[in-house]
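**Q** Protein chains in written order, with numbering that gives the first Met the number 0: chain A, 0 to 183; chain B, 0 to 156; chain C, 0 to 657.
Calculated from the structure, these hints are not laboratory results.
Worth double-checking, as some hints may not be accurate.
[To be verified] Computed list of lysine-lysine pairs in DSSO-like fashion (alpha-carbon distance at most 27 Å, straight line):
1) K267/C to K382/C
2) K173/A to K65/B
3) K65/B to K414/C
4) K99/A to K414/C
5) K173/A to K46/B
6) K46/B to K65/B
7) K68/C to K414/C
8) K267/C to K5/A
9) K382/C to K46/B
10) K267/C to K519/C
11) K65/B to K637/C
[What the hints assert, rightly or not] These stretches of chain C come out as covered by chain B in the derived footprint (C-beta under 8 Å, 3 or more residues):
12) 339-347
13) 384-398
14) 523-537
For clarity, every value in this text was computed on a predicted model and none was experimentally measured.
Beta carbons are placed, not taken as given, at the ideal position from N, Cα and C, and that holds for glycine.
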Amino acid sequence: MAPRLKLFLPLLIFAVMAIFLFRGLSLDPQALPSALIDQPLPEFSLPVLGQERLIQRQDIVGEAALLNVWATWCVSCRVEHPYLVQIGAGGIPIYGINYKDEDAAAQRWLTELGDPYRANIVDREGTLGLDLGVYGAPETYLVDANGVIRYRHVGVVDERVWLTILQPLYQQLKVEVVPGGVDG
Amino acid sequence: MMTRALYLILLLLVPATALAVIETYEFSDPELELRYRQLSLELRCPKCQNQNIADSNAPISQDLRKLLYQQLEAGADDEEILDYMVARYGEFVRYRPRYDGVTAVLWLAPVFLLLAGIVLALMTLRSRRKNALQPSGLSMADEEELRSLLDKTEKRS
Amino acid sequence: MIPEIGHFALIIGFSLSLVLATVPAWGAWRRNSRAMALAPGLAVGMLVFVSISFICLCVAFLQDDFSVKVVASNSNSLLPPIYKFSAVWGNHEGSLLLWALILSFWTAAVALFSSQLPLLMLSRVLSVMGVIGVGFLSFMLLTSNPFARLLPGTPADGNDLNPLLQDPGLIIHPPLLYMGYVGFSVAFAFAIAALLGGRLDASWARWSRPWTNVAWAFLTLGIMLGSWWAYYELGWGGWWFWDPVENASFMPWLAGTALIHSLAATEKRGLFKSWTVLLAIFAFSLSLLGTFLVRSGVLTSVHAFATDPARGLFILIFLAFVVGGSLTLYALRAPAVSSRVSFEWVSRESLILCNNVVFLVATLTVLFGTLFPLIMDALGAGKYSVGPPYFNAVFVPLMALLVPFMGLGPVSRWKRDSTRRWQSELAIPTVVALLCGLTLPLLHAQYNVWVALAVALSAWLLLGLLRDLWHRVRGAASLTAGLRRITPSYWGMFVAHLGFAACVTGVVATSQYNIEHDLKMTPGDTEVIAGYEFHFVELVPARGPNFVADEARFEVTRNGEVVAQLAPQKRRYLASGQVMTEAAIDDGLFRDLFVAMGEPIGQDGAWAMRLHYKPMVRWMWLGAIMMALGAFTTVLDKRYRRMRSAVSAQAGEALHGT
């Protein structure tokens, strides 16, 4: 019997491979999860759009917030912007990272389309982007009250994305107990 | 339908990222330029359809090449640079997977397969030879004649 | 109207393939000769209707019928006619139709050229090919119809063919590749038919060999063309990237190489039957797997067609059916006990065994490396990338392991040989090879140990072959009489092995010795590489049928003599607005000079330029051509024609006997 059994080996190997291939059909090989999940937001010190001051990491940390990477040259950012304005109007704190862009164009854009951002970090050279692992706008990060990155969404944030993915997570982060007793 | 359109759009974007990209960085040391070339072939463009940063025209690739250049000039060694990239973009960005507990299976697979193959070959050879030593039912003289006949036809074919 | 005819013809073709897949097979099972005899007719019928369908699609493209979706997505009225024709297979649906067409060709060819095959066997073989036809034709009709229309709302003009594909390479690379992939289905069909018949003997191997060798030859050419095309078209001078789609074509080739050698052992000595059948199944399964990988979106690749997972699922189910079914049949029907044929440790059989092991290990290594990212992702272990650094590191040593055995192969004898004889045969070749390895690389500026090794091994291969040839010719009255005695089979092997040696030399030399300079150049500048002076003469505007370009004129001199005039271009295609670089290459037998334009720097006409000096790169492709020529030559051997009379006498017996 044993020699016959050996002949089933190729079939077995194929079956295992087929299972993986089947699994692969529901995966997206292009989707790249952030390498910074559960890591603290990187340190930075960059200018604020339209203001004379600099903004740093500690200015953002303290409450659960969204960090949206955008630029005027990014077509999809224009598509998602109205929805971001809506979210911002609902009281959700959103900080913007104006990625490799020009101040004047960015200001015009915000005046035209609305400004949902608490503050806009000007990342002219893309250094903060590199530290975050940004590879293309738009990207949206969810940061908790401790300044730890908890999630990254690559692509347009629309109603479906917000309601099914980001909002539930944001609610969860908001009610998380922050050690040191700082209110959220 | 949406996904199909998206894929079509992505396909149209492909050529834009599949162009020759030629950077003209000046290196203080030819050794650094060599390492630059090596590393830019090993680092993957996070956004493209399977290209290294040397061949990709995407903005992120340009940024990563600049970063690579800066790091090399700053004196970082290869491992440090790769770790730096991985910390930000994940293991995805290395075309040569690092050797660790998880990827050991990848690096050792060829070795094991080869060993398995050699063992299999030896077992086959041994059993074949055993067949040769077993009597084949012919007399010694016949065996000899058969062998010489076979050799002769072999030479001719 | 024409698209509808095409669609209808496709449906008829599908129906015929369905009948072909079932009725003759049933006939073979029930020994119904009328049912079995239908097979050849059905095969030819399938060819006729799939051809009609294909012609209709070509006409739609050539006539700029933008109401057909694939024409609108992949063509344009400004596209040169030859590319309108090749755009037929420059997309997912059209390329599937090409696959089906080529499958029909092979099926009809087997039907027409196998008059000496027992009907029992032939009907089974054709039925299996019919099953494959059913799979592809139904895939098209259900998910990827090439004749889908855009009505109403027909666009005025099309999206244009991707500029990278507007090249002669597209005209021949896919058809050759598909000839290879589909060709392995013949070996596969023979293997399945043999398993079904329960009789796995040397005659099965003899029937399969010519078909398999031809398929392998086509695949070799297809891969070689792909590599060459990437080299001159993509503009960065690379010729192999271990991309999943490239691997998808390389894996069947590796398995196919093991197969053609294993078939030799099975035909000559009745050995390795079980292994050969498994290899035949394996090679074709890899072809199908390749189809899956390229069209399902499961792996990321620059070459992948834009398709979706739903289509991927269809192919996977088909794959599971065909491969799973054939491996089950193999497990149940293959001889569990090996034949009583024996051979010594030192013999040609054991060398072929080594060859099989190495190629099998190579195939599995490439397969595992290609699927590793997918496996890791599916297991939730993170996103990994496996690229050229890995593949080169593991593949090259394996191939290096192979070459010494290749030197021994042709010289060795079947069944029993002796190391002493090998020593005496190969003593001189070994010494000469070592000398070559030590000295030839000195012709180049630097000595490189890898090149030396490659040269030594290749020389050893060459000299071993020449030595064996000399033996065979020696006994004859004159040199020409001696040469005439050599069979096409032997010539084929000789040329193919030589081709492999050339290929290896080319690959190693170009990898080790190639020099690349990326730099900023303004008209008037000169750069020197390996003794060649590249002088940037001027920058001029240029125009093509569907593009505008900046052209940089170079003059290359060596020792004061003009060697080449090169004119790379940076093109912008009008219809799509895409920008593309067109490299300029001066090709030579021993070196290539390569110039490509990057981006303009500043305003004074300065451009980033890439200048390459690539020694021996052509040897790689010429070697591949030789391998293919060799394989084609073996098919001319008389023994395959002589088979006609000998086997047909047995045919009657076989039909009633089994």
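**Q** Honestly, which of those hints from before does the structure not fit?
**A** 1, 2, 3, 4, 5, 7, 10, 11 and 14
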